[in-house]
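Visitor: Going line by line, the protein sequences match chains A and B.
Per the numbering used here: the first sequence = residues 1 to 120.
Per the numbering used here: the second sequence = residues 1 to 177.
These are computed hints drawn from the structure, not numbers from a lab.
Backbone N, C-alpha and C fix where the C-beta goes; we use that ideal spot for every residue, glycine too.
Don't take each hint at face value.
Stated by the list, open to error - Computed spacing ranges between beta-carbons, pair by pair:
1) A:I29 / B:I154: 30 to 36 Å
2) A:R94 / B:V33: 43 to 49 Å
3) A:G25 / B:A152: 49 to 55 Å
4) A:G25 / B:R155: 36 to 42 Å
5) B:E117 / A:D87: 51 to 57 Å
6) A:T110 / B:R144: 52 to 58 Å
7) A:E69 / B:P129: 55 to 61 Å
8) B:G172 / A:I29: 20 to 26 Å
9) A:E113 / B:A145: 24 to 30 Å
Unchecked claim - Lysine to aspartate or glutamate pairs mimicking EDC-like chemistry, simulated, CA-CA at most 16 Å apart:
10) A:K2 / A:E22
11) A:K74 / A:E32
12) B:K114 / B:D158
13) A:K90 / A:D59
14) A:K117 / B:D175
15) A:K90 / B:D158
What the hints assert, rightly or not - To give an idea of the chain B side of the interface with chain A (calculated C-beta under 10 Å), a few residues:
16) F56
17) D61
18) Y89
19) V92
20) S97
21) A171
22) G172
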Amino acid sequence: MKTILAVDDSATMREMVAFVLESAGYRVIEAEDGAHGLERAAATSCDLVITDQNMPNMDGLTLVRSLRELRDYKTVPILLLTTESSDTMKAQGRAAGATGWLVKPFDPATLLEVVQKVLR
Amino acid sequence: MTQLKDGSGAAEAAQAADLLVTVATTLNERLAVTAEELARSQALLREASDELMTAFRGAADRIVAAQRDTPPDDAPRTAEYGVVLDHLYRAVQHLQSHDLVNQLIDAQKLRVDKMREKLGEALSLADPPVSDPRAAEQWIERSRAMLDCIVAGIRQIDEDGRAPRADKQRAGSVDLF
């Protein structure tokens with residue numbers, strides 16, 4: 001079973017993401033901000049990370065950069081799931097090493113499609 | 001209204017300063033009402049969201065557990081669960097909107113609170129009154145300090161980068177790099 005780390009400061013959003021992914025057979029672990037997400041990622045072997053951008057303590061882009069510095073996360077797919085939709089922010093995400101950018105509110109079927117694609 | 005007897009321009013400066021105090025006070029009162037209405041709207045939305053989340057959670061937990069306990073070759077049940085999941089997926093989209101609106105209200109409340117704080121600071125500069133009411137420069141200096149404070153408040157509310165952006169056209173869009 002693939003393990004996915006969902007990082008978001010909104011408990012509702014984490015719950016939505018977790019439900020959609022668990023209903024498709026994935027194991028989901030959660031973190032409420034980038035700093036906590038980094039800790040959880042370092043402690044657990046994750047196959048995919050899905051993170052929000054605007055969060056207290058550590059934002060999503062910083063989390064992506066920090067994860068890419070870890071040996072185990074050099075190639076693990078990382079998706080940004082955020083309300084931010086500007087091309088500038090997306091370019092920053094790409095430069096930081098993110099695999100993809102999804103704009104909230106997300107469509108569950110699309111999320112699952114993207115997850116399957118990046119985990120292939 | 002501040003009364004001055006000399007004709008050195010202090011009277012006009014004092015009138016302008018009083019007008020500024022009146023405007024700042026009125027604006028602060030209006031913002032207090034706005035803050036209260038925002039809080040009330042958010043409380044109602046939260047209550048509704050909490051109820052919906054409780055109902056959603058119950059249904060979601062049961063369907064995930066039922067799926068887990070159903071053998072993969074049980075086609076009729078799997079199809080039935082698929083239908084239920086479709087309904088829940090639709091709910092997921094709308095519950096996200098509730099959450100985003102909540103965050104948006106949070107951001108607006110923060111902006112209003114920051115502006116009220118700055119207006120309060122500006123108004124505190126009007127008390128105690130100037131030491132020499134006949135000196136126009138004292139009134140002007142006080143008005144300038146009040147305006148600086150108000151302008152700082154306006155700048156500050158625009159600096160808050162944590163407000164969720166509402167971009168309906170791009171909502172749900174995907175870019176894979």
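Visitor: A separate judgement is required for each hint: does it hold in the structure or not?
Guide: Right, here's what the structure says about each hint:
1. A:I29 / B:I154: 30 to 36 Å: violated, 43 Å
2. A:R94 / B:V33: 43 to 49 Å: About 45 Å separates the Cβ atoms of R94 of chain A and V33 of chain B, which means 43 to 49 Å holds.
3. A:G25 / B:A152: 49 to 55 Å: Holds: the Cβ-Cβ distance is about 53 Å, inside 49 to 55 Å.
4. A:G25 / B:R155: 36 to 42 Å: violated, 50 Å
5. B:E117 / A:D87: 51 to 57 Å: violated, 35 Å
6. A:T110 / B:R144: 52 to 58 Å: Since T110 of chain A and R144 of chain B have Cβ atoms about 54 Å apart, the given range 52 to 58 Å holds.
7. A:E69 / B:P129: 55 to 61 Å: The hint (55 to 61 Å, Cβ to Cβ) holds, given that E69 of chain A and P129 of chain B are roughly 59 Å apart.
8. B:G172 / A:I29: 20 to 26 Å: The hinted range 20 to 26 Å holds for G172 of chain B and I29 of chain A, with Cβ atoms some 25 Å apart.
9. A:E113 / B:A145: 24 to 30 Å: At roughly 58 Å between Cβ atoms, A145 of chain B and E113 of chain A fall outside 24 to 30 Å, so the hint is violated.
10. A:K2 / A:E22: holds, 10 Å
11. A:K74 / A:E32: Roughly 22 Å separates the two Cα atoms, so the pair is violated.
12. B:K114 / B:D158: Answer holds: K114 of chain B to D158 of chain B is near 10 Å, not above 16 Å.
13. A:K90 / A:D59: holds, 14 Å
14. A:K117 / B:D175: Status holds; Cα separation ~12 Å.
15. A:K90 / B:D158: violated, 22 Å
16. F56: With a minimum Cβ separation of about 8 Å from chain A (threshold 10 Å), the hint on F56 of chain B holds.
17. D61: holds, 9 Å
18. Y89: Holds: closest Cβ of chain A sits about 4 Å from Y89 of chain B, inside 10 Å.
19. V92: holds, 5 Å
20. S97: Hint holds; S97 of chain B Cβ to chain A Cβ min 6 Å, cut 10 Å.
21. A171: It holds, given that the least Cβ distance between A171 of chain B and chain A is near 6 Å, below 10 Å.
22. G172: holds, 5 Å
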